[in-house]
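Trainee: Chains A and B, in that order, are what the protein sequence lines are.
To convert, note that position 229 of the first sequence is 228 in numbering that gives the first Met the number 0; the numbers rise steadily by one, no gaps.
To convert, note that position 65 of the second sequence is 64 in numbering that gives the first Met the number 0; the numbers rise steadily by one, no gaps.
Hints in this document: simulated from the structure, not taken from any laboratory.
Just so you know, not all the hints are guaranteed correct.
[What the hints assert, rightly or not] Some, not all, of what chain A presents toward chain B, calculated at C-beta under 10 Å: (1) Ile98; (2) Leu131; (3) Ile213.
[Unchecked claim] Which chain B residues stay away from chain A? Per the calculated CB distances, all over 10 Å, these: (4) Leu59; (5) Ile176; (6) Leu187; (7) Gly218; (8) Tyr249.
[Unchecked claim] Here chain A is said to cover these stretches of chain B; the calculated rule only asks that three of the stretch's residues, wherever they fall, bring their Cβ under 8 Å from a Cβ of chain A: (9) 29-38; (10) 222-232.
Glycine is no exception: its CB is placed at the ideal position from the N, C-alpha and C atoms.
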Amino acid sequence: MSVAAVKDRAPVTGSRRKPLLPLPTNFRSRLIYGIVGTLLTLGAAQLLVSTQIIDERFVPLPTTALARLLELAWTPVFWAGVGGTMQGWAMGLFLAIVIALPLGFLIGTNDYLFAATRPVVEFLRPIPSVALIPVAILMLGIGMESKVFLVTLACLWPLLIQTIYGLRAIDPTLTATAQSFRIPRRLQLRSIVLPAILPYLATGFRIAATVALIVAVTAELVIGSPGIGGDILLAQSSGAVVTLYALVFAAGLIGVILNVLLQIVERRLLRWHPTYREAAP
Amino acid sequence: MTAMDVATTEALADKSRAIRRRRYRLLSVEVAFPVLVVVAVGVWTASAGLYFIPPLTGVLVAFQENWLFARMASDVLPSLSRMMIGFIGAVVIGVVVGFVLGQAHRLQAMFAPVLEFLRAIPAVALIPLVIIVLGLDDTAKVILITFICLWPVLLNTEAAIRGMDPGLRETARVYGIHWFRYELQVALPAAAPQIFAGMRTSLSLALIMVVVSEMMAGGNGIGVFVLQSQRSFAITDMWSGIVLIGIFGYVFNLLLIVVENRVLAWHHGANTAVE
Chain A
0 MSVAAVKDRA PVTGSRRKPL LPLPTNFRSR LIYGIVGTLL TLGAAQLLVS TQIIDERFVP
60 LPTTALARLL ELAWTPVFWA GVGGTMQGWA MGLFLAIVIA LPLGFLIGTN DYLFAATRPV
120 VEFLRPIPSV ALIPVAILML GIGMESKVFL VTLACLWPLL IQTIYGLRAI DPTLTATAQS
180 FRIPRRLQLR SIVLPAILPY LATGFRIAAT VALIVAVTAE LVIGSPGIGG DILLAQSSGA
240 VVTLYALVFA AGLIGVILNV LLQIVERRLL RWHPTYREAA P
Chain B
0 MTAMDVATTE ALADKSRAIR RRRYRLLSVE VAFPVLVVVA VGVWTASAGL YFIPPLTGVL
60 VAFQENWLFA RMASDVLPSL SRMMIGFIGA VVIGVVVGFV LGQAHRLQAM FAPVLEFLRA
120 IPAVALIPLV IIVLGLDDTA KVILITFICL WPVLLNTEAA IRGMDPGLRE TARVYGIHWF
180 RYELQVALPA AAPQIFAGMR TSLSLALIMV VVSEMMAGGN GIGVFVLQSQ RSFAITDMWS
240 GIVLIGIFGY VFNLLLIVVE NRVLAWHHGA NTAVE
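Sequences and hints are given; from them, build the entire structure.
Mentor: Here it is in structure tokens:
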């Protein structure tokens with residue numbers, strides 16, 4: 000369920016006096032509240048820095064950092080960095096999907112394979128992929144290959160596990176019914192298997208896509224490979240504090256945009272699913 | 000007993016025997032395959048002669064030499080204590096703020112965009128910022144871990160409180176239950192399953208962050224050891240550190256599941272049909 004979804008219901012108020020502000024119940028009032036809150040936060044930061052309570056050498060004025068970000072947005076170097084990160088993100092994610100889906104399908108549809116691989120997967124999955132950064136550096140160098148390798152590895156587990164458990168969670172009555180009616184396999188695949196595993200796959204993809212961005216930036220930061228993480232490392236080591244904040248801000252924006260896009264895609268893809276039907280505004 | 004009955008009982012017994020046999024087969028596969036994998040990795044690494052992938056036996060020897068218990072006090076304990084302090088701090092702050100935002104709808108609506116933004120920053124990108132502001136010491140690393148582990152706990156708590164059955168709150172009101180008791184004895188148990196879900200995500204993040212922050216900021220710890228080993232081409236040492244991190248990842252995950260099953264036994268018991 001989306002975090003932002005608020006159930007409209009009558010508030011339980013003890014006193015009968017009129018509330019000072021209306022409750023944020025619809026999209027428009029939430030938007031207004033959100034804008035006010037964001038401005039308040041930025042304003043507070045601006046005030047703390049400009050009154051020297053926070054040292055400007057460490058934390059620049061929000062307006063200065065935002066202005067630097069706008070400046071950066073006109074430079075090709077900035078976009079090359081963003082491109083490098085997103086390229087690692089996309090390639091790693093794609094590779095993980097290509098590996099995880101067929102593998103998950105094999106394991107999820109075969110009880111013996113499932114039993115055999117379960118302990119192995121359960122053991123390998125919690126291992127943080129960042130632990131393998133040194134190995135990646137040694138074997139694949141400090142370029143795109145290392146980044147893609149680490150992203151693929153990190154994205155593999157959520158995708159694989161969601162595929163396996165999605166397949167295993169298919170209602171056995173459905174498959175048994177399809178079998179007794181001798182429904183052809185291809186039709187079974189399209190009308191039973193696919194709708195059943197799609198919500199699982201969507202969850203797996205959402206987790207993998209977020210993890211991929213984090214791992215891509217992490218790899219760049221530790222290894223120093225080109226990308227927004229590499230730019231951040233460069234800004235840090237050259238003491239360019241304002242640029243550093245602007246870049247971190249940009250990284251956060253990329254994260255937000257990614258989250259919003261993923262939500263839209265998921266809602267589109269799973270319009271028919273009960274959770275999404277109810278949540279629709 | 001008619002012949003028909005005898006036939007059905009026999010058929011049923013046959014069937015249950017077949018099921019049992021199948022279960023044994025599945026179990027033996029489940030035990031045998033991982034053993035086979037380990038043996039295969041051992042044989043392959045011993046015979047392949049790759050420089051960067053040393054024999055498994057060598058890694059295990061290095062593991063024993065490094066971690067049992069020569070570097071326990073100098074590297075392992077500092078890493079673990081940083082991780083645990085950061086994690087516990089995040090859980091406390093996350094639950095408290097989540098409780099407040101879950102019930103103060105106006106406040107939540109105001110700061111939702113800010114929280115969404117902070118959460119969306121790839122955590123590691125903050126390391127350089129924290130290094131500039133707070134330096135390279137333990138405090139900086141702990142604050143970093145807390146900041147990163149905060150979001151899953153906070154957002155899960157908030158969503159759980161917001162999604163609570165309004166009947167619970169109204170009932171507590173009708174019975175004149177003090178607000179503090181309500182939060183502690185009604186709201187907290189109701190939100191506990193989701194809080195635990197957030198904690199599980201946070202704990203794996205904590206391990207990742209402690210390793211990465213050590214790799215970037217230096218000092219002591221497992222992350223530093225692994226990166227230093229790589230830079231000095233002490234390949235077996237490097238792998239022994241990676242194995243240790245892997246074991247920690249596995250053990251912490253397991254530990255939290257055990258705690259969760261303990262604490263939420265009532266919940267799982269009440270919802271066996273749902274799970």
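Trainee: It remains to establish, for every hint, whether it holds in the given structure.
Mentor: Status of each hint after checking the structure:
| no. | hint | verdict |
| --- | --- | --- |
| 1 | Ile98 | violated (17 Å) |
| 2 | Leu131 | holds (7 Å) |
| 3 | Ile213 | holds (5 Å) |
| 4 | Leu59 | holds (16 Å) |
| 5 | Ile176 | holds (13 Å) |
| 6 | Leu187 | holds (19 Å) |
| 7 | Gly218 | holds (15 Å) |
| 8 | Tyr249 | violated (5 Å) |
| 9 | 29-38 | holds (count 5) |
| 10 | 222-232 | holds (count 4) |
Checked against the numbered hints given earlier, this structure breaks hints 1 and 8; the rest are met.
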